[in-house]
Amino acid sequence: MKLSLLTLDRLKTRIIGDEGPFPYMNGTAILKLFNEVGFKDIYDFQNGGMPGSLSRKNYVFEKMKEINGTGELQKLIEIIASKVHFLSNPQMFDDAISELNTILAEDNFELVDVGKGTYKISGAIVPEQAVVAAHFEENRTKIIEEIRKAKFLIWVAVAWLTDKELLTELRKKKEEGLNIQIVTQDDDINAGLKESVLKVFEAYYKAPKGRYKNLMHHKFCIIDLRTVVHGSYNWTVKAQYNDETVTVTQSADFAAEFAETFMKLKNADDNA
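Just so you know, we're using numbering that gives the first Met the number 0 here: the sequence shown kicks off at 0 and counts up by one.
By construction, these hints were calculated from the structure, which means they are not laboratory data. The structure displayed is predicted, hence computed values, not measured ones. Check before you lean on any hint, since a few could be wrong.
[Claimed, not checked] Computed cross-link-like contacts, DSS-like style, restricted to lysine-lysine with a CA-CA straight-line distance of at most 30 angstroms:
no., residue 1, residue 2
1, K237, K115
2, K115, K205
3, K237, K193
4, K56, K119
Please put together the full structure from these sequences, using the hints given.
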């Protein structure tokens with residue numbers, strides 16, 4: 000995440016609480032905040048307090064410049080945009096998020112609510128090396144493991160969805176407050192559970208399309224916009240006994256591509 004110097008300058012006074020609807024932070028609190036993003040500075044009461052005898056706002060500005068262009072700057076802003084940061088002044092939270100978004104918009108970034116009042120920065124993905132793991136056995140177990148790791152959202156696009164155990168795992172996550180969305184095929188195979196699925200989840204059943212009755216034949220699951228579970232494995236009981244594969248790819252860039260596909264599937268005109 001890389002911001003202009005003008006944006007950093009605008010952020011510094013908000014971070015320390017000297018401007019806008021933000022809690023005031025003294026020198027000790029500021030240093031503890033920056034300790035969370037990798038700095039090791041301590042407040043020295045005998046030698047001017049802040050390192051180098053810098054003012055609070057100048058310290059924040061200089062340290063933000065050091066981590067500009069890295070994931071640590073993103074982490075810093077997301078800490079500032081957390082409800083925990085506003086525990087003593089919860090009434091300020093919504094106005095603070097709005098003000099931060101006005102500032103970040105100048106550099107084409109935005110704080111997005113990913114569920115339960117947790118905000119993440121959209122557009123701030125730091126290039127990363129994808130981690131890929133392919134699985135040829137215990138596929139259902141692996142899917143359940145990944146579902147249980149989810150903290151914010153799970154988007155599922157599978158042709159057939161009849162495995163009650165997997166649906167139970169999704170329901171548990173929904174009860175925790177996660178955003179759960181499902182796109183699946185509208186056909187006889189899925190008909191048995193369709194009514195109960197629609198009662199519990201935000202689900203979209205897609206009928207075969209066109210002259211040749213083309214199927215929605217995807218088999219993937221997006222978790223927290225960071226992980227994609229994909230492969231040949233359908234979410235059915237029968238799939239456990241077939242020769243199938245499940246691949247788990249951990250990459251924000253990869254997940255973003257699948258998220259675009261998911262949104263197209265979800266919003267597709269059923270009459271087209």
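Status of the hints after comparison with the structure:
1. Simply put, K237 and K115 have alpha-carbon atoms about 35 angstroms apart, too far for the 30 angstroms limit, and the pair is violated.
2. Only pairs whose Cα atoms come within 30 angstroms are accepted, and K115 paired with K205 is accepted, the gap being roughly 29 angstroms.
3. Straight-line distance between C-alpha atoms of K237 and K193 comes to about 18 angstroms, which keeps the hinted pair within the 30 angstroms bound.
4. Of the pairs offered as hints, the one joining K56 and K119 holds, with about 24 angstroms between alpha carbons and a cut-off of 30 angstroms not exceeded.
Comparing the model with each earlier hint shows a violation of hint 1 alone; every other hint is respected.
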